[in-house]
Each structure stands twice: as C-alpha cells, then as structure tokens.
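Each chain, written out:
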Amino acid sequence: MMDAHDELIERVAALLRRRQSPNPRLVARVLDAVDGRPRRWWRSVAWPSAPFTYAASTLAAAGLLIGFLSHEASDAAADRAAMAAPGAQALPVLPVARDARAAALVPVQFTLRDVRASQVALVGDFNGWSQTATLLEPGNEPGTWSVTVPLASGRHVYAFVVDGQQWMADPRAPKARDLDFGRENSVLIVQAP
Amino acid sequence: MAYRSRRVEAVARKESPGVLWAIQPAEPTTVRASTDIDPAIPLRARNGDTEAFAELVEFFHMRCLRYARYLLGDEEDAEEAVQDTFVRVYDHLDQFRSDARFEPWLFRILANRCRTARERRRRRESLVITGELPAVAADAPQPSLDMLEEVEAALESLPAEQREAFLLRHVEDLSYEDMAVITGVRLSALRMRVKRACDALRTRLQQEM
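So the sequence lines, in the order shown, correspond to chains A and B. In this text, residue positions in the first sequence follow this note's numbering: the first is 1, and each later residue adds one. In this text, residue positions in the second sequence follow this note's numbering: the first is 1, and each later residue adds one.
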C-alpha cells in the first residue's frame with residue numbers, strides 16, 4: 001500500500017532529512033574501535049559458492065574432532081525439540097576424511113531427516129547464507145537428506161531451509177541465536193586432526 | 001551504482017604500525033542520489049576487506065546518526081548507539097547473507113541498539129529523584145523556535161513506536177517490507193503507526209506550516 005500523497009508530511013520529512021551532516025569524529029571512533037578487535041579469522045576465508053561433490057572413496061572416518069559450542073545458553077534438549085519442524089528429526093553431523101587436495105578444508109556431512117520435505121538447502125556463513133548454493137541430496141531411506149561440505153577449521157553457523165520457506169536450526173546441534181534477526185541457527189566447531 | 005566516497009576517505013596507513021585507519025577530509029558534499037550501497041561492498045567487508053567496511057561506515061553513518069538522534073533525542077546517546085551498531089555489524093558480518101540487502105540488516109541492528117539505549121536511559125531516569133520544577137513567570141518570553149525545531153518538537157511528542165515508524169517510512173524512505181524486517185512488526189501495524197504519526201504531526205503542525 002502506498003501512502004497517500006501529503007504535501008505537509010513531505011515538507012516535514014524534507015525538513016527532518018536536513019539534519020544530516022558528516023561526522024568524521026564518529027567514523028574515526030568506529031574504525032578505531034574495530035581496529036582494536038581481534039579478527040574473526042573465518043571471515044577472511046574465500047567461501048565456495050557452489051555445491052561440492054566428493055567421491056565416496058574419499059570419505060572415511062578419520063577421527064576428526066567436531067565439537068559444538070553454544071553461542072547462547074539456549075541449547076537445552078527441550079529447546080532443540082521445540083525448534084524441530086513437525087515430522088523432522090535431525091541426524092548427527094558426521095565428520096569424514098579430509099580431502100588431500102584441499103589441505104585446509106575438512107569435509108563435513110550434514111544430514112537431516114524430514115519426511116515432508118521436498119527440498120532441503122544448507123545455509124551458513126560458509127556459503128554466504130545462499131539458499132541455492134548447497135542443496136541436500138535425498139538418501140536411500142525415505143525422508144533422509146544429506147550433503148558433504150568441505151569446511152575450514154573453526155566455528156561455523158548454519159541452518160537448514162526446508163522447501164525454500166522454513167528456516168530450521170539443526171535440532172541436534174547447539175543454537176546460536178541471531179539477536180538482530182530473531183532467528184536461531186546452529187553452531188558447529190570443526191577441528192582438523 | 002557503486003558508491004565511491006568523495007567526502008571522507010578512509011585509507012590504510014601502512015607507515016604507522018598500530019594505526020590502521022586515518023581519515024582524510026575531501027571536498028564536502030551533502031546529498032546522495034542513492035540511499036543504498038553497492039551490494040558488493042558489504043560482501044567484500046564480510047570477506048575481511050577493511051577498506052570496504054570503512055566505506056560502509058562512511059556511507060551510512062550520517063543516516064544512522066540522524067535516525068538515532070531523532071529516536072533518542074540526545075546527540076551523545078545517538079553517537080553511542082551508532083558506534084555500537086557498527087561494531088556489532090563488524091562482529092557479525094559473517095552472518096550477513098549474500099542474498100540479503102545490507103540496508104535493512106543495518107537498520108535492524110541500529111533499531112535494536114536504539115531501543116536498548118532508550119530502555120537504559122529510562123531506567124537511569126527512573127532513579128532520579130525529581131525536585132520542584134523551577135517556576136516560570138507567565139509573561140516570560142518563550143524561546144522562538146524555527147520551523148525545523150517546531151517539527152522536531154512535534155516528532156518528539158509522538159510515542160516512540162510511531163516516531164520510529166514515521167522516521168523509517170518518511171525520512172529514511174524505506175519500504176514497509178523493509179520496515180517489517182527492521183522492527184519485527186507486521187505490515188498492517190506499521191501502516192497504522194505511520195498513519196497515526198502523520199495524523200498527529202498534521203494536527204500539530206497545520207498552523208505553523
């Protein structure tokens with residue numbers, strides 16, 4: 001719905017918009033503030049934007065340590081269950097062997113069980129939260145979905161998007177609440193051996 | 001169109017270890033044709049490009065400051081909220097999705113910071129023991145307000161939620177869809193808030209303007 005044209009309101013808005021002037025002191029303060037902060041190293045990784053396919057022969061358990069950290073203290077089991085979509089049950093995130101061609105990356109398998117889903121996408125900080133970059137493949141068992149993604153060591157935040165609409169944290173993983181967007185994501189820590 | 005800073009240019013100062021940023025003033029400009037930024041810049045900042053982050057700050061800080069100032073009614077609180085906002089943006093850029101628009105994402109964070117600042121001030125003020133107000137003589141000359149001050153006073157008289165909705169819609173020129181993302185409020189409620197704000201402003205300012 002468009003707002004009705006209102007000359008007085010437009011004049012009011014135009015007057016209010018006048019109060020805009022550069023504040024180099026504030027800019028400098030902001031840049032100083034972030035300059036002193038430790039870099040979040042995973043931000044500087046060039047994330048792939050296309051799905052990865054790995055030959056089955058390269059996938060073998062290698063004793064990688066994958067841990068989970070909760071960004072917020074909200075990872076109680078009841079909370080996880082509440083986040084799960086009806087009929088959806090997540091499977092564990094499985095570490096698989098690292099690919100020799102990509103020494104810095106660790107293949108990680110993401111799995112979800114959702115009998116109602118017709119498409120499941122993996123979104124996360126590693127693929128720019130793209131809903132089209134990393135789609136899960138249906139498994140042999142009905143309602144199972146999985147994809148393997150090479151990830152750099154460190155903390156990753158991710159979620160599933162079911163049928164292009166339903167944003168869903170991994171019910172089995174700790175949650176990281178995005179305070180500014182009110183959504184819950186999942187957190188995963190990958191450590192190379 | 002990619003925004004290129006002409007007014008203030010933040011540059012890496014490599015010759016001074018420990019000092020990453022320096023601000024170089026350039027020719028002043030006050031008007032921008034575009035209210036949004038080249039979408040590549042937030043993505044570059046997310047990938048660790050500190051100059052791109054400086055561009056974001058430089059591009060958006062005036063609008064952020066204006067919004068916070070009108071919402072909080074205090075310059076110092078506004079600057080603090082804007083600084084908090086950009087630091088928070090910096091810390092969470094890895095969560096910014098490549099298919100999202102940066103402007104509503106930024107304003108959502110800013111709106112939350114402003115709400116926090118308002119709440120903090122409300123608690124602080126509630127602790128102040130108010131004394132007797134100084135008596136004002138009935139015939140004392142009232143300070144004359146220019147038109148902008150009249151408008152600002154009228155804006156300040158609005159309930160905070162209406163003021164927020166009016167600013168986002170009419171001053172920041174955001175769509176109702178973006179406003180819903182920023183405030184977490186339904187479109188119909190936002191439209192009602194904007195309408196009520198406009199009605200109140202119209203009633204109060206009809207004579208003056």
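No lab work stands behind these hints, which were simulated from the structure alone. Just so you know, not all the hints are guaranteed correct.
[Said to hold, decoys possible] Label-pair distances were calculated between CB atoms; the ranges are:
| id | chain 1 | residue 1 | chain 2 | residue 2 | range |
| --- | --- | --- | --- | --- | --- |
| 1 | B | E75 | A | V115 | 55 to 65 Å |
| 2 | A | G143 | B | K195 | 43 to 53 Å |
| 3 | B | P159 | A | L8 | 32 to 42 Å |
[What the hints assert, rightly or not] Incomplete in silico selection of chain B near chain A, CB under 10 Å:
| id | residue |
| --- | --- |
| 4 | D38 |
| 5 | V87 |
| 6 | E150 |
| 7 | L155 |
[Claimed, not checked] If you only want the chain B side, here are some residues facing chain A, beta carbon under 10 Å, derived:
| id | residue |
| --- | --- |
| 8 | I41 |
| 9 | M147 |
| 10 | S157 |
All values derive from a computational prediction rather than experimental measurement. All residues carry an ideal CB built from backbone N, CA and C; glycine is no exception.
Enumerated hints in conflict with the structure, sorted upward: 3, 4, 8, 10
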